[in-house]
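Please model the complete structure; the sequences and the hints are all you need to start from.
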Amino acid sequence: MTNFKSQARKIIYITAIFTILSFFLIILFSSLVNLYDKKEQILRKVGLGGHYYHNFLANPTEQSDRQIPPKNINDLKINNNSEIIGQWSAPIDWNVTAVHSILLPDESVMTFGSYGIHKKEHGKDIRSNKKITISDGTELDRDGGTPQWEGHSVNIGVDFDIWDPKKGVGDDSHVLIEQTLVMDAFCSIVRVLDDNRIFILGGNKDKTTTLPDTQNQTMIYDVVNKKFSLSKNLNFKRWYGSVVITGDEKMFIFGGQDLVTGKPSTIPEMIDLKNIDQGWRVLDQSESNDLFGIKDADEWNYPRTFLSSDGNIVGISYNKTWVMDLNNDSRVSKTGEIPLAKSGIPKVLEPTNPKPDHDHDKQNLKLLTIGSAVGSQNSVVMFEKDKVLVFGGRQLGEEYSASNKVFLIDFSNSFKPKIKELKSMNFARADGDATILPDGNIFINGGQSYNEQYSVFTPEIYNPITQITKNMSKAYFRRNYHSTSLLLPDGRILIAGGDVWNAEIFYPPYLFAKDKNNKTVLAKRPEITNLEKNIKRDQNINIGVEGEVSKVSLISTGSTTHAQGSESKFRDIDFTKLSNDKIQIKLDDNSNNLQNGTYLLFVLNSKGTPSEGKIVFIN
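Numbering of the sequence shown is given in this note's numbering, commencing with residue 2 and proceeding in unit increments.
No lab work stands behind these hints: they were computed from the structure. Don't take each hint at face value.
Unchecked claim - Simulated pairs of lysine to aspartate or glutamate, EDC-like, Cα-Cα distance not exceeding 20 Å:
hint : residue 1 : residue 2
1    : Lys233    : Asp214
2    : Lys615    : Asp516
3    : Lys335    : Asp297
4    : Lys615    : Asp440
5    : Lys264    : Glu288
6    : Lys167    : Glu108
7    : Lys72     : Asp94
8    : Lys552    : Asp573
9    : Lys251    : Asp195
10   : Lys335    : Glu288
11   : Lys72     : Asp491
12   : Lys227    : Glu288
13   : Lys552    : Asp491
14   : Lys227    : Asp172
15   : Lys168    : Glu613
16   : Lys167    : Asp94
17   : Lys228    : Asp278
18   : Lys520    : Asp66
19   : Lys525    : Glu547
20   : Lys534    : Asp165
Claimed, not checked - Restraint ranges, calculated between C-beta atoms of paired labels, are given here:
hint : residue 1 : residue 2 : range
21   : Ala91     : Pro213    : 37 to 43 Å
22   : Lys608    : Pro340    : 37 to 43 Å
23   : Asp411    : Asn75     : 38 to 44 Å
24   : Asp411    : Lys587    : 54 to 60 Å
In this text, a Cβ means the ideal position worked out from N, Cα and C, and glycines have one as well.
Encoded structure:
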(Lines of atoms letter the chains of each structure in order from A and count residues from 1; the text may use other names and numbers.)
(Lines give C-alpha, C1' and ligand atoms only; values in the text may rest on other atoms or scores of the structure.)
Protein backbone atom coordinates (compact mmCIF):
# COMPACT_ATOMS: atom_id res chain seq x y z
CA MET A 1 0.00 0.00 0.00
CA THR A 2 2.80 2.36 0.93
CA ASN A 3 4.53 1.57 -2.35
CA PHE A 4 1.32 2.37 -4.24
CA LYS A 5 0.96 5.75 -2.47
CA SER A 6 4.62 6.53 -3.27
CA GLN A 7 4.08 5.73 -6.96
CA ALA A 8 0.92 7.84 -7.02
CA ARG A 9 2.74 10.83 -5.51
CA LYS A 10 5.46 10.50 -8.16
CA ILE A 11 2.84 10.50 -10.92
CA ILE A 12 1.16 13.59 -9.41
CA TYR A 13 4.49 15.43 -9.12
CA ILE A 14 5.48 14.57 -12.69
CA THR A 15 2.04 15.58 -13.97
CA ALA A 16 2.24 18.89 -12.08
CA ILE A 17 5.71 19.66 -13.40
CA PHE A 18 4.65 18.75 -16.94
CA THR A 19 1.56 20.97 -16.63
CA ILE A 20 3.60 23.93 -15.37
CA LEU A 21 6.18 23.49 -18.15
CA SER A 22 3.44 23.20 -20.76
CA PHE A 23 1.84 26.38 -19.42
CA PHE A 24 5.10 28.29 -19.75
CA LEU A 25 5.74 26.84 -23.22
CA ILE A 26 2.26 27.96 -24.32
CA ILE A 27 2.95 31.48 -23.03
CA LEU A 28 6.31 31.55 -24.79
CA PHE A 29 4.80 30.25 -28.02
CA SER A 30 1.98 32.79 -27.85
CA SER A 31 4.48 35.59 -27.34
CA LEU A 32 6.48 34.46 -30.35
CA VAL A 33 3.35 34.24 -32.46
CA ASN A 34 2.30 37.70 -31.34
CA LEU A 35 5.76 39.05 -32.23
CA TYR A 36 5.54 37.34 -35.61
CA ASP A 37 2.14 38.91 -36.21
CA LYS A 38 3.56 42.35 -35.41
CA LYS A 39 6.45 41.92 -37.83
CA GLU A 40 4.63 43.86 -40.53
CA GLN A 41 4.20 46.91 -38.32
CA ILE A 42 7.78 46.72 -37.12
CA LEU A 43 9.25 46.32 -40.58
CA ARG A 44 7.22 49.17 -41.98
CA LYS A 45 8.89 51.44 -39.45
CA VAL A 46 12.22 50.70 -41.11
CA GLY A 47 10.94 51.00 -44.66
CA LEU A 48 10.06 47.35 -45.21
CA GLY A 49 6.73 45.67 -45.39
CA GLY A 50 4.50 42.97 -46.72
CA HIS A 51 6.32 39.92 -47.93
CA TYR A 52 9.64 41.76 -47.69
CA TYR A 53 9.86 40.00 -44.36
CA HIS A 54 10.65 36.65 -45.82
CA ASN A 55 13.05 38.00 -48.35
CA PHE A 56 14.67 40.27 -45.78
CA LEU A 57 15.44 37.25 -43.60
CA ALA A 58 16.14 34.93 -46.51
CA ASN A 59 19.61 36.39 -46.81
CA PRO A 60 21.22 35.82 -43.42
CA THR A 61 24.25 37.94 -44.32
CA GLU A 62 25.28 40.10 -41.40
CA GLN A 63 24.63 43.78 -41.92
CA SER A 64 27.09 44.91 -39.27
CA ASP A 65 29.87 45.25 -41.83
CA ARG A 66 27.74 47.29 -44.21
CA GLN A 67 28.20 51.00 -43.78
CA ILE A 68 26.39 54.02 -45.11
CA PRO A 69 28.52 55.15 -48.09
CA PRO A 70 30.99 57.88 -47.06
CA LYS A 71 31.19 61.10 -49.11
CA ASN A 72 34.74 60.18 -50.11
CA ILE A 73 35.32 56.65 -51.36
CA ASN A 74 38.77 56.76 -49.73
CA ASP A 75 37.01 56.71 -46.33
CA LEU A 76 35.35 53.37 -47.08
CA LYS A 77 35.88 50.63 -44.51
CA ILE A 78 37.01 47.67 -46.56
CA ASN A 79 36.08 44.03 -46.13
CA ASN A 80 38.98 41.69 -46.76
CA ASN A 81 37.10 39.72 -49.44
CA SER A 82 36.12 42.82 -51.42
CA GLU A 83 38.83 42.23 -54.04
CA ILE A 84 37.13 39.00 -55.08
CA ILE A 85 33.40 39.52 -54.56
CA GLY A 86 32.89 43.26 -54.19
CA GLN A 87 31.22 45.03 -51.29
CA TRP A 88 27.70 46.26 -50.51
CA SER A 89 26.71 49.35 -48.57
CA ALA A 90 24.07 49.50 -45.89
CA PRO A 91 20.60 50.47 -47.15
CA ILE A 92 20.09 54.16 -47.88
CA ASP A 93 16.87 56.06 -47.30
CA TRP A 94 15.33 57.27 -50.59
CA ASN A 95 12.52 59.71 -51.39
CA VAL A 96 10.90 57.58 -54.09
CA THR A 97 10.80 53.99 -55.20
CA ALA A 98 13.19 54.09 -58.13
CA VAL A 99 11.21 52.50 -60.95
CA HIS A 100 13.32 54.63 -63.31
CA SER A 101 16.93 55.75 -62.83
CA ILE A 102 18.96 57.97 -65.14
CA LEU A 103 22.39 59.57 -64.93
CA LEU A 104 21.97 63.23 -65.81
CA PRO A 105 24.57 65.23 -67.77
CA ASP A 106 25.58 67.12 -64.60
CA GLU A 107 26.50 63.77 -62.90
CA SER A 108 23.46 63.83 -60.63
CA VAL A 109 20.97 60.96 -60.66
CA MET A 110 17.24 61.25 -61.34
CA THR A 111 14.99 58.55 -59.93
CA PHE A 112 11.22 58.44 -60.17
CA GLY A 113 8.26 56.13 -60.22
CA SER A 114 6.44 56.46 -56.92
CA TYR A 115 6.33 58.46 -53.72
CA GLY A 116 6.54 56.61 -50.41
CA ILE A 117 4.64 57.60 -47.29
CA HIS A 118 7.33 56.03 -45.11
CA LYS A 119 8.70 59.55 -44.84
CA LYS A 120 5.47 60.55 -43.13
CA GLU A 121 5.71 57.56 -40.81
CA HIS A 122 8.94 59.06 -39.56
CA GLY A 123 7.24 62.41 -39.04
CA LYS A 124 8.69 63.95 -42.19
CA ASP A 125 6.44 65.08 -45.01
CA ILE A 126 8.84 66.35 -47.63
CA ARG A 127 6.19 67.13 -50.21
CA SER A 128 5.21 70.78 -50.41
CA ASN A 129 2.47 70.68 -53.03
CA LYS A 130 -0.53 68.78 -51.67
CA LYS A 131 -2.72 69.58 -54.66
CA ILE A 132 -2.33 69.89 -58.43
CA THR A 133 -4.20 72.33 -60.66
CA ILE A 134 -4.70 70.81 -64.12
CA SER A 135 -5.10 72.66 -67.43
CA ASP A 136 -8.87 73.18 -67.13
CA GLY A 137 -8.47 74.74 -63.68
CA THR A 138 -9.61 71.68 -61.73
CA GLU A 139 -7.81 71.20 -58.42
CA LEU A 140 -6.90 67.61 -57.56
CA ASP A 141 -5.74 66.04 -54.32
CA ARG A 142 -2.39 64.42 -55.06
CA ASP A 143 -3.04 61.57 -52.66
CA GLY A 144 -6.63 60.97 -53.64
CA GLY A 145 -7.65 57.71 -55.21
CA THR A 146 -4.19 56.26 -55.57
CA PRO A 147 -3.62 52.52 -55.58
CA GLN A 148 -1.93 50.47 -52.91
CA TRP A 149 1.60 49.17 -53.39
CA GLU A 150 2.49 46.54 -50.78
CA GLY A 151 0.32 48.35 -48.28
CA HIS A 152 1.83 51.77 -48.95
CA SER A 153 -0.27 54.54 -50.45
CA VAL A 154 1.64 55.98 -53.36
CA ASN A 155 1.26 58.62 -56.02
CA ILE A 156 3.09 57.15 -58.94
CA GLY A 157 5.03 58.92 -61.63
CA VAL A 158 4.59 62.46 -60.34
CA ASP A 159 7.49 63.08 -57.93
CA PHE A 160 11.11 63.08 -59.10
CA ASP A 161 14.15 62.75 -56.86
CA ILE A 162 17.48 64.35 -57.85
CA TRP A 163 20.44 62.90 -55.97
CA ASP A 164 23.92 64.46 -56.01
CA PRO A 165 26.42 61.64 -55.23
CA LYS A 166 29.16 64.20 -54.48
CA LYS A 167 27.19 65.29 -51.39
CA GLY A 168 27.00 61.80 -49.90
CA VAL A 169 23.67 60.17 -49.10
CA GLY A 170 22.14 62.44 -46.45
CA ASP A 171 18.99 64.55 -46.78
CA ASP A 172 21.00 67.46 -48.18
CA SER A 173 22.10 65.32 -51.13
CA HIS A 174 18.51 64.99 -52.41
CA VAL A 175 16.07 67.42 -53.99
CA LEU A 176 12.44 66.39 -54.55
CA ILE A 177 11.07 67.90 -57.77
CA GLU A 178 7.28 67.94 -57.57
CA GLN A 179 6.20 67.81 -61.19
CA THR A 180 2.91 69.70 -61.49
CA LEU A 181 2.09 69.00 -65.15
CA VAL A 182 0.02 66.00 -64.05
CA MET A 183 1.74 63.67 -66.52
CA ASP A 184 2.04 60.27 -64.85
CA ALA A 185 5.53 59.13 -65.90
CA PHE A 186 5.33 55.72 -64.23
CA CYS A 187 6.50 53.07 -66.77
CA SER A 188 7.37 55.76 -69.30
CA ILE A 189 10.29 56.08 -71.74
CA VAL A 190 13.28 58.27 -70.86
CA ARG A 191 16.22 59.44 -72.97
CA VAL A 192 18.93 62.08 -72.71
CA LEU A 193 18.56 64.59 -75.56
CA ASP A 194 21.64 66.73 -75.08
CA ASP A 195 23.81 68.21 -72.36
CA ASN A 196 20.90 69.74 -70.42
CA ARG A 197 17.59 68.14 -71.53
CA ILE A 198 15.84 64.87 -70.72
CA PHE A 199 12.94 63.59 -72.82
CA ILE A 200 10.15 61.68 -71.00
CA LEU A 201 7.52 60.03 -73.17
CA GLY A 202 4.22 58.28 -72.50
CA GLY A 203 3.52 56.52 -69.26
CA ASN A 204 0.79 55.41 -66.96
CA LYS A 205 -2.93 55.79 -66.37
CA ASP A 206 -4.24 53.99 -63.32
CA LYS A 207 -8.00 53.57 -63.55
CA THR A 208 -8.40 54.23 -59.82
CA THR A 209 -6.77 57.68 -59.83
CA THR A 210 -8.38 61.05 -60.37
CA LEU A 211 -5.53 62.14 -62.63
CA PRO A 212 -6.37 62.56 -66.32
CA ASP A 213 -5.14 60.11 -68.96
CA THR A 214 -1.75 61.36 -70.12
CA GLN A 215 -0.38 58.20 -71.74
CA ASN A 216 0.32 60.02 -75.01
CA GLN A 217 1.94 63.07 -73.44
CA THR A 218 5.64 63.93 -73.53
CA MET A 219 7.64 66.38 -71.47
CA ILE A 220 11.17 67.75 -71.29
CA TYR A 221 13.17 68.17 -68.09
CA ASP A 222 15.64 71.06 -67.99
CA VAL A 223 18.62 69.79 -65.99
CA VAL A 224 20.05 73.25 -65.33
CA ASN A 225 16.85 74.95 -64.15
CA LYS A 226 15.28 71.79 -62.70
CA LYS A 227 11.97 72.44 -64.44
CA PHE A 228 9.55 70.41 -66.57
CA SER A 229 7.72 71.56 -69.67
CA LEU A 230 5.24 69.76 -71.88
CA SER A 231 6.27 68.84 -75.41
CA LYS A 232 4.44 67.46 -78.45
CA ASN A 233 1.90 64.70 -77.81
CA LEU A 234 2.37 61.24 -79.25
CA ASN A 235 -0.26 60.00 -81.69
CA PHE A 236 -0.71 56.79 -79.70
CA LYS A 237 -0.80 55.99 -76.02
CA ARG A 238 2.39 54.22 -74.99
CA TRP A 239 2.79 52.54 -71.64
CA TYR A 240 5.98 50.39 -71.70
CA GLY A 241 7.32 51.68 -75.01
CA SER A 242 10.92 51.99 -76.29
CA VAL A 243 12.88 54.53 -78.35
CA VAL A 244 15.95 54.68 -80.58
CA ILE A 245 17.83 57.79 -81.73
CA THR A 246 19.46 57.50 -85.16
CA GLY A 247 22.74 58.99 -86.31
CA ASP A 248 20.94 61.93 -87.94
CA GLU A 249 19.04 62.69 -84.70
CA LYS A 250 15.68 61.19 -85.53
CA MET A 251 13.89 59.53 -82.63
CA PHE A 252 11.74 56.47 -83.31
CA ILE A 253 9.32 55.06 -80.76
CA PHE A 254 8.06 51.48 -80.71
CA GLY A 255 5.57 49.36 -78.81
CA GLY A 256 3.68 50.32 -75.71
CA GLN A 257 0.04 49.92 -74.86
CA ASP A 258 -3.10 51.91 -74.09
CA LEU A 259 -3.40 50.79 -70.49
CA VAL A 260 -7.07 51.73 -70.24
CA THR A 261 -8.29 49.76 -73.28
CA GLY A 262 -5.52 47.14 -73.28
CA LYS A 263 -4.90 47.80 -76.97
CA PRO A 264 -1.22 47.61 -78.03
CA SER A 265 0.33 50.44 -80.03
CA THR A 266 1.42 48.51 -83.10
CA ILE A 267 2.36 51.52 -85.25
CA PRO A 268 5.75 53.22 -84.64
CA GLU A 269 6.21 57.01 -84.71
CA MET A 270 9.10 59.34 -85.47
CA ILE A 271 10.18 62.88 -84.55
CA ASP A 272 13.08 65.05 -85.73
CA LEU A 273 14.94 66.07 -82.57
CA LYS A 274 16.33 69.12 -84.38
CA ASN A 275 12.74 70.27 -85.02
CA ILE A 276 10.67 68.94 -82.12
CA ASP A 277 7.97 71.56 -82.70
CA GLN A 278 7.01 69.76 -85.92
CA GLY A 279 5.66 66.94 -83.78
CA TRP A 280 5.44 63.18 -84.22
CA ARG A 281 4.88 61.53 -87.59
CA VAL A 282 2.88 58.29 -87.74
CA LEU A 283 4.60 55.49 -89.68
CA ASP A 284 1.60 53.56 -90.96
CA GLN A 285 3.78 51.51 -93.27
CA SER A 286 5.69 50.20 -90.23
CA GLU A 287 2.69 48.69 -88.46
CA SER A 288 3.24 45.16 -87.16
CA ASN A 289 0.99 43.20 -84.84
CA ASP A 290 3.46 40.34 -85.07
CA LEU A 291 6.28 42.43 -83.59
CA PHE A 292 4.50 45.10 -81.51
CA GLY A 293 1.19 43.46 -80.70
CA ILE A 294 -0.04 40.43 -78.79
CA LYS A 295 0.16 37.75 -81.46
CA ASP A 296 2.31 35.27 -79.51
CA ALA A 297 3.04 37.21 -76.34
CA ASP A 298 3.24 40.80 -75.15
CA GLU A 299 5.48 41.95 -77.99
CA TRP A 300 4.49 45.56 -77.26
CA ASN A 301 6.13 45.33 -73.81
CA TYR A 302 9.39 47.36 -73.90
CA PRO A 303 10.79 46.05 -77.21
CA ARG A 304 14.61 45.93 -76.96
CA THR A 305 15.85 48.39 -79.60
CA PHE A 306 19.25 49.39 -81.01
CA LEU A 307 20.82 51.12 -84.00
CA SER A 308 22.97 48.89 -86.21
CA SER A 309 26.16 50.06 -87.92
CA ASP A 310 24.49 49.81 -91.33
CA GLY A 311 22.05 52.52 -90.26
CA ASN A 312 18.95 50.43 -89.60
CA ILE A 313 17.03 49.98 -86.37
CA VAL A 314 17.11 46.44 -84.97
CA GLY A 315 15.20 45.01 -82.08
CA ILE A 316 13.95 42.09 -80.05
CA SER A 317 10.27 41.60 -79.23
CA TYR A 318 9.73 38.63 -76.95
CA ASN A 319 11.79 35.97 -78.83
CA LYS A 320 11.63 37.63 -82.26
CA THR A 321 14.36 39.71 -83.85
CA TRP A 322 13.41 42.38 -86.39
CA VAL A 323 14.71 45.24 -88.50
CA MET A 324 13.32 48.61 -89.54
CA ASP A 325 14.77 49.38 -92.97
CA LEU A 326 15.36 53.13 -92.89
CA ASN A 327 16.39 53.06 -96.55
CA ASN A 328 13.12 51.47 -97.62
CA ASP A 329 10.35 53.65 -96.25
CA SER A 330 10.99 52.40 -92.68
CA ARG A 331 9.49 49.00 -93.40
CA VAL A 332 9.62 46.58 -90.48
CA SER A 333 10.18 42.85 -90.92
CA LYS A 334 10.94 39.85 -88.76
CA THR A 335 14.51 38.52 -89.13
CA GLY A 336 14.87 35.60 -86.73
CA GLU A 337 13.95 33.95 -83.44
CA ILE A 338 15.62 33.09 -80.17
CA PRO A 339 14.84 29.38 -79.76
CA LEU A 340 12.05 28.64 -77.31
CA ALA A 341 12.55 25.77 -74.90
CA LYS A 342 9.74 23.87 -73.28
CA SER A 343 8.68 25.78 -70.24
CA GLY A 344 6.50 25.14 -67.26
CA ILE A 345 6.33 24.97 -63.52
CA PRO A 346 9.61 23.92 -61.87
CA LYS A 347 9.48 20.57 -60.14
CA VAL A 348 11.73 21.40 -57.20
CA LEU A 349 10.26 24.01 -54.87
CA GLU A 350 10.66 24.87 -51.23
CA PRO A 351 7.73 25.97 -49.06
CA THR A 352 6.58 29.49 -49.92
CA ASN A 353 7.23 30.79 -46.40
CA PRO A 354 10.92 30.16 -45.82
CA LYS A 355 12.49 30.07 -42.39
CA PRO A 356 14.76 32.92 -41.31
CA ASP A 357 17.87 30.88 -42.09
CA HIS A 358 16.60 29.83 -45.50
CA ASP A 359 19.16 30.46 -48.24
CA HIS A 360 17.22 31.36 -51.37
CA ASP A 361 20.19 31.25 -53.68
CA LYS A 362 21.09 27.67 -52.83
CA GLN A 363 17.53 26.69 -53.53
CA ASN A 364 17.53 28.68 -56.74
CA LEU A 365 20.35 26.48 -57.97
CA LYS A 366 18.01 23.50 -57.55
CA LEU A 367 15.23 25.06 -59.60
CA LEU A 368 14.84 23.50 -62.99
CA THR A 369 15.92 25.99 -65.63
CA ILE A 370 13.49 25.03 -68.34
CA GLY A 371 12.73 28.44 -69.82
CA SER A 372 14.52 30.30 -72.59
CA ALA A 373 16.11 33.75 -72.50
CA VAL A 374 13.06 35.45 -73.93
CA GLY A 375 10.35 37.89 -73.10
CA SER A 376 10.15 41.37 -71.67
CA GLN A 377 11.64 40.11 -68.41
CA ASN A 378 15.11 39.56 -69.84
CA SER A 379 18.08 41.95 -69.63
CA VAL A 380 19.71 43.18 -72.84
CA VAL A 381 22.90 45.20 -73.52
CA MET A 382 25.03 46.01 -76.57
CA PHE A 383 28.56 45.12 -75.43
CA GLU A 384 30.26 45.67 -78.80
CA LYS A 385 29.35 47.27 -82.10
CA ASP A 386 26.30 45.36 -83.42
CA LYS A 387 26.62 42.67 -80.73
CA VAL A 388 23.84 42.30 -78.21
CA LEU A 389 23.69 40.03 -75.16
CA VAL A 390 20.37 38.69 -73.84
CA PHE A 391 20.34 37.49 -70.22
CA GLY A 392 17.64 35.32 -68.70
CA GLY A 393 13.96 36.16 -68.78
CA ARG A 394 11.12 33.70 -69.09
CA GLN A 395 8.20 32.85 -71.25
CA LEU A 396 5.05 34.83 -70.78
CA GLY A 397 3.27 34.14 -67.51
CA GLU A 398 4.31 34.08 -63.88
CA GLU A 399 3.64 30.36 -63.71
CA TYR A 400 6.86 29.71 -65.63
CA SER A 401 10.33 29.40 -64.23
CA ALA A 402 13.03 31.83 -65.29
CA SER A 403 16.03 31.05 -67.47
CA ASN A 404 19.76 31.26 -66.85
CA LYS A 405 20.51 31.21 -70.58
CA VAL A 406 22.61 33.80 -72.37
CA PHE A 407 22.29 34.52 -76.09
CA LEU A 408 24.53 36.55 -78.38
CA ILE A 409 22.80 38.30 -81.28
CA ASP A 410 25.10 39.71 -83.94
CA PHE A 411 23.31 42.42 -85.93
CA SER A 412 26.28 43.17 -88.26
CA ASN A 413 23.92 42.26 -91.09
CA SER A 414 20.72 43.75 -89.77
CA PHE A 415 18.61 41.64 -92.15
CA LYS A 416 20.28 38.35 -91.21
CA PRO A 417 21.27 38.47 -87.53
CA LYS A 418 23.29 35.57 -86.12
CA ILE A 419 21.89 34.09 -82.91
CA LYS A 420 24.19 31.99 -80.74
CA GLU A 421 23.74 30.52 -77.27
CA LEU A 422 26.67 31.24 -74.91
CA LYS A 423 27.59 29.78 -71.54
CA SER A 424 24.81 30.28 -69.03
CA MET A 425 24.64 32.44 -65.93
CA ASN A 426 24.93 30.74 -62.56
CA PHE A 427 21.38 31.73 -61.66
CA ALA A 428 18.09 31.77 -63.49
CA ARG A 429 16.74 35.34 -63.52
CA ALA A 430 13.59 37.07 -64.67
CA ASP A 431 13.47 40.85 -64.10
CA GLY A 432 17.18 41.02 -63.36
CA ASP A 433 19.22 44.13 -64.20
CA ALA A 434 22.29 44.07 -66.48
CA THR A 435 24.77 46.95 -66.21
CA ILE A 436 27.83 47.44 -68.44
CA LEU A 437 30.99 48.15 -66.44
CA PRO A 438 34.00 50.26 -67.53
CA ASP A 439 36.04 47.12 -68.25
CA GLY A 440 33.36 45.75 -70.60
CA ASN A 441 32.08 43.10 -68.22
CA ILE A 442 28.39 42.92 -67.31
CA PHE A 443 27.08 43.21 -63.76
CA ILE A 444 23.85 41.20 -63.40
CA ASN A 445 21.81 41.74 -60.27
CA GLY A 446 18.52 40.66 -58.72
CA GLY A 447 15.60 39.03 -60.42
CA GLN A 448 13.70 35.92 -59.47
CA SER A 449 14.04 32.30 -60.49
CA TYR A 450 10.34 31.52 -60.18
CA ASN A 451 8.18 33.95 -58.23
CA GLU A 452 8.96 36.63 -55.68
CA GLN A 453 9.46 34.00 -52.98
CA TYR A 454 12.47 32.87 -55.02
CA SER A 455 14.35 36.12 -55.37
CA VAL A 456 18.02 35.92 -56.37
CA PHE A 457 20.29 37.75 -53.94
CA THR A 458 23.64 36.83 -55.50
CA PRO A 459 24.79 39.11 -58.34
CA GLU A 460 27.15 37.92 -61.06
CA ILE A 461 29.75 39.57 -63.26
CA TYR A 462 29.69 38.07 -66.74
CA ASN A 463 32.66 38.36 -69.09
CA PRO A 464 31.20 38.36 -72.64
CA ILE A 465 34.57 37.45 -74.20
CA THR A 466 35.51 34.47 -72.01
CA GLN A 467 31.88 33.69 -71.07
CA ILE A 468 33.06 33.24 -67.48
CA THR A 469 30.66 34.39 -64.78
CA LYS A 470 31.66 35.00 -61.16
CA ASN A 471 29.35 35.27 -58.18
CA MET A 472 29.60 38.44 -56.14
CA SER A 473 28.79 39.27 -52.54
CA LYS A 474 25.11 38.76 -51.72
CA ALA A 475 22.78 41.71 -51.69
CA TYR A 476 20.76 42.31 -48.57
CA PHE A 477 17.46 43.15 -50.28
CA ARG A 478 15.69 41.57 -53.18
CA ARG A 479 15.47 43.60 -56.41
CA ASN A 480 12.85 42.25 -58.79
CA TYR A 481 10.29 43.91 -61.02
CA HIS A 482 10.60 47.73 -61.17
CA SER A 483 14.18 47.74 -59.87
CA THR A 484 17.07 49.69 -61.40
CA SER A 485 20.84 49.37 -61.60
CA LEU A 486 22.90 52.38 -62.65
CA LEU A 487 26.66 52.84 -63.14
CA LEU A 488 27.92 55.97 -61.38
CA PRO A 489 30.86 58.06 -62.68
CA ASP A 490 33.10 56.89 -59.83
CA GLY A 491 32.63 53.23 -60.83
CA ARG A 492 30.15 52.29 -58.11
CA ILE A 493 26.69 50.95 -58.94
CA LEU A 494 23.46 52.40 -57.54
CA ILE A 495 20.89 49.66 -56.90
CA ALA A 496 17.38 50.83 -56.08
CA GLY A 497 13.69 50.26 -56.52
CA GLY A 498 11.84 47.05 -56.97
CA ASP A 499 9.28 46.96 -54.19
CA VAL A 500 11.80 48.03 -51.56
CA TRP A 501 11.77 51.63 -50.33
CA ASN A 502 15.51 52.19 -50.25
CA ALA A 503 18.71 52.06 -52.29
CA GLU A 504 22.09 50.37 -51.97
CA ILE A 505 25.55 50.92 -53.40
CA PHE A 506 27.67 48.09 -54.80
CA TYR A 507 31.45 48.47 -55.00
CA PRO A 508 32.73 46.16 -57.79
CA PRO A 509 35.94 44.14 -57.31
CA TYR A 510 37.91 46.37 -59.72
CA LEU A 511 37.91 49.06 -57.00
CA PHE A 512 40.03 46.87 -54.69
CA ALA A 513 43.48 45.25 -54.62
CA LYS A 514 45.85 43.38 -52.29
CA ASP A 515 48.78 45.14 -50.62
CA LYS A 516 52.13 43.52 -49.83
CA ASN A 517 50.68 42.12 -46.59
CA ASN A 518 47.82 40.47 -48.50
CA LYS A 519 45.33 42.93 -47.01
CA THR A 520 42.52 44.23 -49.19
CA VAL A 521 42.87 47.95 -49.91
CA LEU A 522 41.48 50.42 -52.41
CA ALA A 523 43.15 49.96 -55.78
CA LYS A 524 45.34 52.77 -57.12
CA ARG A 525 43.32 54.28 -59.95
CA PRO A 526 44.44 56.09 -63.08
CA GLU A 527 43.07 59.59 -63.39
CA ILE A 528 41.68 61.78 -66.15
CA THR A 529 43.18 65.21 -65.47
CA ASN A 530 41.97 67.10 -68.53
CA LEU A 531 39.15 66.44 -71.00
CA GLU A 532 36.80 68.68 -72.96
CA LYS A 533 33.15 67.96 -72.17
CA ASN A 534 31.95 68.54 -75.76
CA ILE A 535 33.87 66.42 -78.26
CA LYS A 536 33.50 65.85 -81.98
CA ARG A 537 33.94 62.55 -83.76
CA ASP A 538 35.93 64.02 -86.65
CA GLN A 539 38.67 65.54 -84.46
CA ASN A 540 41.67 64.26 -82.55
CA ILE A 541 40.87 64.48 -78.84
CA ASN A 542 43.66 64.94 -76.31
CA ILE A 543 43.13 63.59 -72.81
CA GLY A 544 45.32 64.47 -69.83
CA VAL A 545 45.98 61.42 -67.67
CA GLU A 546 47.87 60.40 -64.57
CA GLY A 547 49.03 56.82 -64.08
CA GLU A 548 49.28 53.86 -66.44
CA VAL A 549 46.61 53.64 -69.16
CA SER A 550 46.03 50.47 -71.16
CA LYS A 551 42.37 50.88 -72.15
CA VAL A 552 39.84 53.61 -72.96
CA SER A 553 36.10 52.91 -72.92
CA LEU A 554 32.84 54.74 -73.60
CA ILE A 555 29.49 53.78 -72.07
CA SER A 556 26.19 55.39 -72.97
CA THR A 557 24.60 57.02 -69.94
CA GLY A 558 21.05 56.03 -70.97
CA SER A 559 18.33 55.18 -68.47
CA THR A 560 17.35 51.97 -66.74
CA THR A 561 13.93 50.54 -65.96
CA HIS A 562 12.07 47.23 -66.08
CA ALA A 563 15.22 45.10 -66.52
CA GLN A 564 16.43 47.11 -69.49
CA GLY A 565 18.81 49.96 -70.13
CA SER A 566 17.49 52.07 -72.96
CA GLU A 567 19.90 51.45 -75.84
CA SER A 568 22.74 50.70 -73.38
CA LYS A 569 26.01 50.24 -75.24
CA PHE A 570 29.75 49.94 -74.68
CA ARG A 571 32.66 50.83 -76.95
CA ASP A 572 36.39 50.18 -76.68
CA ILE A 573 38.21 53.24 -78.01
CA ASP A 574 41.62 53.04 -79.68
CA PHE A 575 44.14 55.52 -78.29
CA THR A 576 47.65 56.77 -78.91
CA LYS A 577 50.08 57.58 -76.10
CA LEU A 578 51.51 61.06 -76.67
CA SER A 579 53.47 61.31 -73.41
CA ASN A 580 53.42 59.99 -69.85
CA ASP A 581 50.56 62.34 -69.03
CA LYS A 582 48.68 62.62 -72.32
CA ILE A 583 46.85 60.28 -74.69
CA GLN A 584 44.90 60.93 -77.87
CA ILE A 585 41.72 59.33 -79.21
CA LYS A 586 39.66 59.67 -82.35
CA LEU A 587 36.10 58.43 -82.39
CA ASP A 588 34.39 56.31 -85.03
CA ASP A 589 33.23 58.72 -87.72
CA ASN A 590 30.16 56.53 -88.36
CA SER A 591 27.41 58.18 -86.32
CA ASN A 592 25.40 54.96 -86.52
CA ASN A 593 28.02 53.32 -84.30
CA LEU A 594 28.20 56.20 -81.88
CA GLN A 595 25.19 58.47 -81.99
CA ASN A 596 25.21 62.01 -80.67
CA GLY A 597 24.57 62.09 -76.95
CA THR A 598 26.07 61.76 -73.48
CA TYR A 599 28.59 59.09 -72.54
CA LEU A 600 30.83 58.15 -69.64
CA LEU A 601 34.51 58.03 -70.67
CA PHE A 602 36.92 55.93 -68.60
CA VAL A 603 40.61 55.11 -68.76
CA LEU A 604 41.77 51.83 -67.23
CA ASN A 605 45.15 50.42 -66.24
CA SER A 606 46.52 46.96 -67.09
CA LYS A 607 44.90 45.50 -63.94
CA GLY A 608 41.46 46.59 -65.13
CA THR A 609 41.10 49.36 -62.54
CA PRO A 610 39.08 52.24 -63.98
CA SER A 611 39.49 55.94 -63.41
CA GLU A 612 36.56 57.99 -62.34
CA GLY A 613 34.51 58.50 -65.45
CA LYS A 614 33.92 61.83 -67.12
CA ILE A 615 30.64 62.68 -68.81
CA VAL A 616 31.17 63.85 -72.38
CA PHE A 617 28.73 64.98 -75.02
CA ILE A 618 29.50 63.68 -78.53
CA ASN A 619 28.27 65.64 -81.52
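Query raised in the report: Out of the numbered hints, which ones does the structure contradict?
Result: Of the numbered hints given earlier, those the structure breaks are 2, 12, 24, listed in rising order.
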